[in-house]
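Visitor: When you get a sec, could you build the whole thing from the sequences and use the hints?
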Amino acid sequence: GIQVEQSPPDLILQEGANSTLRCNFSDSVNNLQWFHQNPWGQLINLFYIPSGTKQNGRLSATTVATERYSLLYISSSQTTDSGVYFCAVERNTNAGKSTFGDGTTLTVKP
Amino acid sequence: DAGVIQSPRHEVTEMGQEVTLRCKPISGHNSLFWYRQTMMRGLELLIYFNNNVPIDDSGMPEDRFSAKMPNASFSTLKIQPSEPRDSAVYFCASSLRYLRELFFGEGSRLTVL
Chain A
8 GIQVEQSPPD LILQEGANST LRCNFSDSVN NLQWFHQNPW GQLINLFYIP
58 SGTKQNGRLS ATTVATERYS LLYISSSQTT DSGVYFCAVE RNTNAGKSTF
108 GDGTTLTVKP
Chain B
209 DAGVIQSPRH EVTEMGQEVT LRCKPISGHN SLFWYRQTMM RGLELLIYFN
259 NNVPIDDSGM PEDRFSAKMP NASFSTLKIQ PSEPRDSAVY FCASSLRYLR
309 ELFFGEGSRL TVL
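Chains as they are written, first to last, in the numbering used here: chain A, 8 to 117; chain B, 209 to 321.
Treat the hints with care, since some could be wrong.
30 Å max Cα-Cα, derived BS3-like pairs, lysine-lysine [as the list claims (entries may be wrong)]:
1) Lys-286(B) / Lys-104(A)
2) Lys-232(B) / Lys-104(A)
3) Lys-104(A) / Lys-61(A)
4) Lys-232(B) / Lys-276(B)
5) Lys-276(B) / Lys-286(B)
6) Lys-116(A) / Lys-61(A)
7) Lys-61(A) / Lys-286(B)
8) Lys-232(B) / Lys-286(B)
Because the hints were derived from the structure by calculation, they are not lab data.
Guide: See below:
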């Protein structure tokens, strides 16, 4: 099956810093999402981004499908950004089966 | 609009007992997914339904696990009998259809003693 690798596995930032999280995948995909799992365990949609670039406030994401990677940018980080960020991909040939990466654990210190 | 609703939020039970987890998907969504999250295995897809029909249950770990979707607004995941290794957070998610945005419920944290 498709492999999803996220990096870095752990990231510690000072409040106000910027960061880039990466998601590499081993085969072509038709769907890619970024999620944030907050410290209470809730999985929150950030972006549905099979290709291109999207922005939502301090967060933005870019997926380059032809090169099989996606990037999540967090600017001016806040303590509420702490948690685990997951990338999930889905292939048309295996529709319905999203494969999740292992996540990047982000800790933002005040 | 209400999101995906799961119950119970927390369940503590003893080994051998039956456990039933419930899910109400977002109204109008026709795909429903059950995931399990553990530290060791991360997020695993157990089963998914499209238009109330189970499409792929290859992720269901054993015959002790079963899932049903009797109508478009309700699904259950049952474990009988439960074992300590079933302890995990079980998430339900729904989407408008395949290859569309996935929305998760808040999860049901199961502890089997």
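Visitor: Hint by hint, say whether it matches the structure.
Guide: Hints versus structure:
| no. | hint | in the structure |
| --- | --- | --- |
| 1 | Lys-286(B) / Lys-104(A) | holds, 21 Å |
| 2 | Lys-232(B) / Lys-104(A) | holds, 20 Å |
| 3 | Lys-104(A) / Lys-61(A) | holds, 24 Å |
| 4 | Lys-232(B) / Lys-276(B) | holds, 12 Å |
| 5 | Lys-276(B) / Lys-286(B) | holds, 9 Å |
| 6 | Lys-116(A) / Lys-61(A) | holds, 26 Å |
| 7 | Lys-61(A) / Lys-286(B) | violated, 39 Å |
| 8 | Lys-232(B) / Lys-286(B) | holds, 15 Å |
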